[in-house]
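Residue strings, one per chain:
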Amino acid sequence: MFIQTWLLPFALLATATLVAFPLSRYLAWVMDGKYRPLPVLGWVEKTINTGSQNWKQYVSSLLIFNTVLFIFGYLVLALQPWMPLNPDGKTLLAPSAIFNSVASFMTNTDLQHYAGDQHLSNFSQIFFCITNLFISAAIGLSALTAIIRGLRSDTSLGNFFVDVWRVVVYLFVPVALIFALIFLQQGSPMTFKSVYQVQTLEQSALGTTDNGQAKPQTIVVGPVAAFEAMKMLGTNGGGFYGMNSAHPFENPTALSNFFNTLAMMIFPFSLVLMYGRMLGKMRHSMVIFVVMLLFMSFTVIWTIYFDTLKPNPAFTQHNATQFNIFNSALPNGKQAISLSAIASLPVDQHLGNLEGKEIRFGTSAGATFGALTTDVTCGAVNAEADSLNPIAALSPMVGMWLNCFFGGKGVGMINMLLYIIIGIFLAGMMVGRTPEYLGKKIGSREVKLAIIVLLIHPLMILMPTGLFAATSWGMNAISNPGAHGFSQMLYQFSSASANNGSAFDGLGVTYGFYNNPHPAPEAIAWDIATGLVMIFSRFLPLIAPIAMAAFLGAKKSSPFGLGTLRVDTVTFGILLFATIVIIGALLFLPVAVIGPIAEHFGPIPFGG
Amino acid sequence: MDNNSEFLATIPPQILPRRVRASALFDAKIAKIAFKQAFVMFRPDIQWKNPVMFVVEVGTVLTFLFILQIALTNEKPLVPITYFIALDIWFFLTIFFANFATAIAEARGKAQVESLRKTREETIAYRVKQGEKTEEVSSSLLQRGDLVVVQTGQTIPGDGEIIEGVAYIDESAITGESAPVIREAGGDRSGVTGGTIVLSDRIVVQITGSKGDSFLDRMIALVEGAVRQRSPNEIALTLVLSAFTLIFLIVVIPLWSMSYNAEQYMTTYLGVKEPLRGLGTDIPTLIALLVCLIPTTIGALLAAIGIAGMDRALQANIIANSGKAVELAGDVDIVLLDKTGTITLGNRSATHFVPVSKYSAKDVGELAALASAADNTPEGKSILKLYETQNATTISVPENSTFISFTAHTRMSGVVFPDGRHIRKGAPEAIIQFVRENKGVIPNELDGLIQDIAKKGATPLLVADGNMIVGLVALSDILKPRIYERITRLRNMGIRVIMITGDNKYTAAAIAALAGVDDYLAEATPAKKLEYIKQEQATGKILAMMGDGTNDAPALAQADVAIAMNAGTEAAKEAANMVDLDSDPTKLIEVVEIGKQLLITRGALTTFSIANDVAKYFAIIPALFASTLPWLAVLNVMHLHSPTSAILSAVIFNALIIPLLIPIALKGVRYRALGADALLRRNLFLWGLGGLILPFIGIKLIDTIMVTFNWVS
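Which chain is which? The protein sequence lines are A and B, in order. Taking our numbering, the leading residue of the first sequence gets 13, the next gets one more, and so forth. Taking our numbering, the leading residue of the second sequence gets 2, the next gets one more, and so forth.
These are calculated hints, taken from the structure and not from any lab test. Ideal Cβ positions, reconstructed from N, Cα and C, are used throughout, including at glycine. Any given hint could turn out to be false.
To be verified - Now the stretches of chain B that chain A is said to cover, found in silico as 3 or more residues with beta-carbon under 8 angstroms:
hint, segment
1, 239-246
2, 331-343
3, 558-565
Based on the sequences and whatever the hints tell you, model everything.
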């Protein structure tokens with residue numbers, strides 16, 4: 013039981029750490045352009061190279077490129093009915109759903125207010141989804157590279173287009189090929205065919221047609237293995253199927269599940285070390301790595317402990333509660349209320365909470381995946397996040413709120429950089445010097461930029477959650493009353509703002525095809541709100557740090573001395589750890605309390 | 002020059018009394034002024050400059066309007082109205098304490114400047130008209146460039162430079178040093194300060210600063226305007242604090258609708274007729290949460306910390322050009338110290354006599370003393386003194402002897418007895434040449450002996466009797482008392498100490514080793530000094546130096562932190578960004594510490610302020626949901642009495658911590674000369690972990706007190 017529970021998560025953490033060392037060396041080698049390209053590839057690279065860029069040029073290129081990507085994505089989806097590879101005639105999605113999906117895939121979020129197997133043709137899957145899986149993932153990584161070049165005072169930040177090219181061609185394509193072959197071998201489909209009509213073994217299992225014939229089962233297929241590899245490697249998380257990595261075609265076996273999970277971890281892990289290698293501060297990045305690994309291990313252990321090793325509270329006994337509520341009609345202003353006890357149900361719970369899990373991956377696979385997918389902003393799921401025990405569900409939320417337990421490719425390290433800047437600025441003064449990072453003094457301008465990014469994340473999570481919680485937009489969308497319903501809304505905006513893309517299912521957000529007679533009642537509000545959140549939370553936190561790094565890099569570097577705050581020590585690790593814990597707690601403790609914690613301590617089932 | 006420096010060297014700088022003393026922390030008079038000022042600062046246009054406290058002020062007004070609404074409409078509030086009134090009073094007190102902290106720091110600074118200003122009172126000046134004629138004018142009418150004559154007993158009417166004459170001057174009004182000092186025209190000790198008194202002789206002073214433009218005036222302006230003139234680090238920190246305020250607005254505002262959501266579903270769940278209401282949708286309570294969360298502690302004390310830093314500089318008799326300069330001192334990587342006068346006492350003295358061939362040490366001593374009998378230089382006197390103390394005798398020179406005095410050309414001095422006996426002492430090359438000219442023999446071991454002395458950091462002098470070399474006198478530099486400890490302290494702070502000297506590199510190396518400096522710059526010329534500073538700055542280092550002479554001015558202007566001695570020339574003072582009234586060369590160490598202390602205090606109180614918030618959450622959040630989500634009572638880890646007492650306790654703690662920390666803000670967190678790592682660990686533990694834990698205890702204590710006295714329901 014012990015090994016069954018803990019082997020998978022720790023094998024994953026250990027493997028990803030081991031892979032990160034050689035892979036980060038390769039990453040740094042590629043991003044520093046030390047390779048010799050093949051003639052054809054070299055010609056392309058030369059052609060797209062628009063020359064050295066300063067931070068404004070780099071950022072402009074990034075924004076223009078994303079605008080083009082947005083228009084392209086919108087066109088592909090909007091033209092779906094008229095495009096090839098659509099044998100079963102999938103029609104047009106609702107405009108708000110298209111906006112949401114395009115924003116979602118462009119920002120590497122992959123929040124899906126649609127189900128791929130029901131709503132997208134293979135043409136859309138390939139040209140909209142797979143294109144974005146590669147490119148949106150490359151943008152975050154490129155931004156990190158630009159930041160590193162800024163910090164090490166390079167004369168230019170490089171060229172945005174060349175960076176994206178390097179990432180896609182030299183990093184993603186080869187690694188994705190390896191993983192796609194593994195998934196293919198394990199049983200994922202890889203075909204341009206779209207559907208199979210098969211007769212079920214049990215005749216008429218799906219009912220009969222009007223003329224009495226048994227209905228065939230429709231099995232949707234497509235280029236799943238290729239899709240799956242990049243979905244995980246790029247920490248995208250948007251599934252080919254609505255069921256994502258719980259679907260037997262996306263994730264056929266326990267072994268494919270191991271590689272599925274590993275795939276989303278290797279780039280975020282490696283990028284932290286690449287940061288150190290490119291800056292020539294390997295020890296510093298090791299400290300960051302350990303801090304991130306500690307946080308990640310903590311979220312994984314927390315989820316497994318409260319989900320795999322604890323019973324589902326919906327089946328257990330709850331004691332009676334008594335308390336006072338305010339009632340100004342009564343003389344002392346208080347009214348006593350008592351809630352009756354809830355009896356337990358006779359369910360064998362020795363394997364923990366099994367609701368919404370795929371047991372073929374192992375008992376702890378769901379909890380492990382759930383914690384990791386939110387830590388690295390992947391957002392793929394192989395179990396129902398909504399069905400995690402309430403207090404266990406806190407862990408994925410924390411992963412998205414702090415967004416730096418390795419985080420997404422590039423952006424996770426960028427977020428960590430901001431915590432480093434804030435931590436050094438606040439506590440670093442206690443060594444008696446103007447705070448400095450990598451020998452550069454942190455001034456008003458840098459702090460301002462770091463703070464903007466720190467601010468945007470809670471703004472984009474808390475404000476819309478508050479707005480939806482008090483209006484019918486939220487009230488009509490939730491599928492459970494009480495704190496759980498609140499968690500559904502909170503999770504959706506956390507996922508959008510963290511560019512994660514996983515969902516606390518049950519929230520009615522799917523409009524579907526434009527001619528859907530029964531869309532989810534508030535789908536349009538959710539489409540637009542989360543779409544905007546994703547865009548704001550993506551680009552400000554990319555642009556501001558690039559500018560910050562450029563400003564820092566332009567400063568004179570002060571030499572290292574006995575009086576300088578060292579960034580490669582245990583003390584610094586503790587400082588960083590404490591900064592993240594305290595800032596995280598200050599921002600998100602209230603919502604954590606109203607959501608998962610209130611649900612945990614309250615009666616379950618709650619109403620309904 | 003020599004007499005002067007000798008005179009100064011006799012005063013150990015560390016025993017100089019300070020004229021500006023740190024006034025008691027809460028002097029009644031100062032407190033009274035600050036008390037009044039604290040009320041004035043409630044004016045929105047003033048309060049606006051402190052964004053954190055401005056938010057509290059807005060909250061106070063809103064709560065007041067809320068109370069008015071309850072009182073006027075007779076609407077029955079959720080909890081007794083006294084709770085809202087208590088909240089509002091404590092909001093008000095929070096701002097008051099913050100204003101008081103700033104006001105008292107300003108008042109203390111002003112009080113100190115005031116006592117300095119007294120020396121600025123108008124005096125009569127004797128302005129030179131033409132030739133020898135003078136006219137009486139008020140000192141306030143003096144212009145830059147005017148010449149004034151000051152005679153025995155008169156007060157110098159303004160800052161200036163002596164262009165004619167030498168005088169004993171009583172500078173006690175400025176420095177507190179009772180012993181008079183010598184100032185003379187030419188050279189590096191020509192600067193005089195307005196308000197000091199000429200004790201003897203007559204000097205002509207050229208006024209260098211017109212009224213309102215002297216260093217003192219600048220300092221006064223600085224202390225008075227300290228709130229407005231923020232240093233770069235303070236500006237950045239203010240930004241961060243404003244951002245934190247904004248972040249907590251983002252946290253608190255949606256809490257209203259989230260609480261509303263909880264009230265809705267709980268009403269349905271419980272099936273109660275009247276809609277459920279809790280403190281989570283109560284505006285004054287949410288304001289209380291906001292006030293507790295935004296960094297009021299550091300927001301209240303930030304200005305006071307800055308002013309107090311300037312104040313500490315003033316107490317050390319340092320007049321700084323800007324707060325930025327003091328702050329920058331904390332960042333110094335390299336300190337340049339002049340050897341003479343800083344590391345060593347002004348002059349070299351004879352320490353021992355080394356004989357050659359047949360002579361004894363006593364012979365060398367006697368002949369050297371004879372050669373120095375008429376030598377008035379400190380070196381010559383020290384030879385006489387050494388001989389006399391070693392042998393307990395005095396020497397007598399035969400009558401009608403001729404003395405030969407030292408010239409830069411001959412580089413030796415001595416005496417010619419009536420019988421024609423020539424005794425000489427001087428630089429080795431000069432004496433060797435003298436002996437050779439007289440067909441004498443140079444002993445073989447001489448070269449080795451000269452080398453030995455030089456390597457020990459001493460200067461060898463040769464003594465010759467006619468054409469015979471008698472022996473050597475070793476002249477050594479004498480380290481200032483406790484200089485080694487002071488330099489070690491600087492090094493422990495992570496600062497490299499570089500000694501600058503005109504000596505050759507052997508001597509320099511020996512003294513550098515004795516004093517414990519990291520490196521030395523030997524045979525330094527002003528150009529070489531400047532070159533060195535530029536070179537180090539190019540690698541990003543921040544340098545501090547102290548200087549007095551005109552030839553120091555380029556280096557002072559180039560250095561990042563430059564302190565000029567008050568006794569120094571006007572050029573040096575202009576080039577520097579600080580002036581040391583005591584003219585104490587070791588003052589650099591204190592300035593660096595003041596700079597570091599300033600930043601540490603800021604960092605410590607910021608960390609403390611933010612770490613405090615965690616406990617406040619644990620007090621307030623369970624209270625917000627006490628009547629809507631009762632199971633959240635498990636989070637009430639402090640077991641506070643009731644929702645209202647919990648919120649009040651947090652608000653009261655948040656307010657009271659400000660006056661409790663005022664002494665630390667004014668005195669500064671104690672600086673220890675440790676490496677950055679050890680210092681960070683220590684301060685993180687003290688202020689970070691302390692800040693995390695203390696409010697749990699404090700809030701519980703306040704709650705217990707309120708419950709004990711039955712102040713809360």
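Hints, verified against the model:
Against chain A, the segment 239-246 of chain B contributes 3 residues with a C-beta closer than 8 angstroms to a partner C-beta. That satisfies the three-residue criterion, and the hint holds. Residues of the segment 331-343 of chain B with a Cβ under 8 angstroms from some Cβ of chain A number 3, which satisfies the need for three, so the listed coverage holds. Counting residues of the segment 558-565 of chain B whose C-beta lies closer than 8 angstroms to any C-beta of chain A gives 0; at least three are required, and the coverage claim is violated.
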